[in-house]
Structure formats: C-alpha cells, structure tokens
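A.B. asks: Go ahead and model the full structure; you've got the sequences and the hints to work with.
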Amino acid sequence: MKQNFTVRQGALDGVEAFLSVAQHRSFRGAAAELGVTPSAISQAVRTLEARVGAALFIRTTRSVGLSEAGERFHARAKPAFEELVAASEVARDLGQRPAGLLRLTAPRAVVPILLEPLIASFCQAYPDVEVEIDASADLVDIAAEGFDAGIRLGQFIEADMIAVRLTPSHPLTVVGSPAYLRRRQRPELIDDLRRHACLRMRRSNGSIAPWSFVNGNEAVEVIVSGPFIANDMPTMLGAAVEDMGLAQVPEPIAASLVKAGKLVHVLEPFAPMAPGVFLYYPGHRQVMPKLRAFIDHVKSRSGATNKTPIHIADGRTRSVKRR
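1 is the number of the first residue of the sequence shown in UniProt numbering; add one for each residue after it.
Bear in mind the hints are in silico, worked out from the structure with no lab data behind them. It is possible that part of the hints are untrue.
Taking CB as the label site, the calculated pair distances span [unchecked claim]: (1) Val-85 x Gly-238: 49 to 57 Å; (2) Arg-72 x Glu-132: 38 to 46 Å; (3) Ser-225 x Ala-159: 32 to 40 Å; (4) Gly-238 x Arg-194: 33 to 41 Å; (5) Pro-210 x Glu-132: 45 to 53 Å.
The C-beta atom is built at its ideal place from N, Cα and C for all residues, glycine as well.
C.D. replies: This is the structure in structure tokens:
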C-alpha cells in the first residue's frame, strides 16, 4: 500500500480523492480505495477546496457530507472524470494490443503490386486493425499529416526515418508499346532518345525528373523531351500503352504490362539499379502495437536484412536504420 500521496499540479489535482470521499462518505473509505493514507486524502481535499475557494464537505466527528458547493462540484466533476477515465482506457487498449486505424501513405503505383497482398494477409491476421491507404505521388510529412507510416522508393526517404525493405533492388527500365516501336526505330544507345517521344514525370516539388542510366561504370542523367507529362507512374504507363512514347519506371511496376505484351523493354544494358521500395516511419516516437504488428508482418514476408544501403541521386550511399 502506498504511504505517500503525491498531488500533481493542475486542474484535476484532488478530484479523484474528492469523488472517492463523496462516494464513500468517508475519508478512510476513500483512502482504502485509492491505496493511500487518510491524512493524504485530507490534504488532497483541502488543496482542492483552497483552489476552488469553497468548502466541498461538511465534516463532523461522526459523518462526512457534501456542502452545497460540493454538490454542485460533484454534479459536474463526476461525469467529466468518468469520461477521462474512459478515454484513458481506450488509449491504453490501443497501446497494449494491435487495434485501431493504421494510416499509410503510398504511391498509387505500388498499391496493386505490393500493398494489396500484404494488406490482405495482415487484415486476416489482425482483425481489430483497420487499414487506410492514401495513394498519392506527393512526398508527404507523415507525422504532420497523421500517418503511422509511409511506403516510398528508398531514394526519397529522409535520413531520420526508420526503414524496412519491402522489395529487392530492381532495374529502372525504359519501356514502350510494340506499336510505338514499329513506328520509330528502336533505341539502341542512350543518345537515340533524342529522336524519341519520352513520357516524363513531374515530381512533387514541381520539377521534371531526368532519366537515369549507367554507361559502363558511369552514372548518367539525361534531360528528355516528349508530348506528355504526368505526376504518377500509372498514368505515365497508361500513356505508354496508348503508343504515346517511351517511359522510364521501376521494373516491377511495368512487369505485368510487359508480361501481357502491351509494353516491351528497351535500352536494357543501360538500366540502373534502383534501391527498391521501403516502409518507413519516424524513429523518435513510440511505435504503437498496430504499427509494430504491421512492421513484423512485413519483415516476415520480406526477409529483409538489418541495414540496407540506399543510393542517393548524387551518387552517395547511406544506410537507413531499421528496427
């Protein structure tokens, strides 16, 4: 049993002691319920009365009753305190088991090829967790926007994030439709792109992304031109399927269209390796059980290693922390 009752500073100081005394009509009964001494209860109530500016109890040697001020205070304080207790229980429940709403942000292109199988198996394993996916090409601030985690290509993840690999490294491939390539001579060298319609991607910062290649051991960036600009890869791939030109995308995103014969690879000897797709989340805050369960689920299906090198656009390499 506690022998000391520490009253915290603030508007709720002494309220629990007051409510317990009002319920039991006894300082000793309240002390027994709260696990403190009767003198600690008396001190908590006196401090509350001093702050309120009125006597809340009528005390005699034989009984304890509420004053008029105490009755009015009790009528407002009891339901408010019960709501706070209920709120604490709800929050505690979310902090102890996987439950609640898990909000994820991800590029629209990765949802069908990556997240859908993961989400389906995760929801079966954790039925008390609801999953919400915001499919957006924008590089959002996940903490400011209220997301639990994000999914992005490795080169777009900030250095202070914890990252978990979802896919292996993959080629950044150039694809075009068979009909387009019948109309234009198939490019064999990087310089041949000057004679081609290249479908381009506008980044979230407003700039147009250059195309990246490797020529021997040298990394090459090329400013291309063409008739169409999109801000997400599915739209750009749709334009390529409609014979509008060539597109450069991560190989897994184009794989199903290549397999179906709607697109074909070109310039394969010059395809650079992209770092792959990662789940990421802030490393400076407590990981809630719902997110921890999702992270463990991802790890169990990806077989990721503890640290994964990520290649930055300027040629440097860093490692993203994982937990």
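A.B. asks: Of the hints stated earlier, which fail here?
C.D. replies: Violated: hints 4 and 5.
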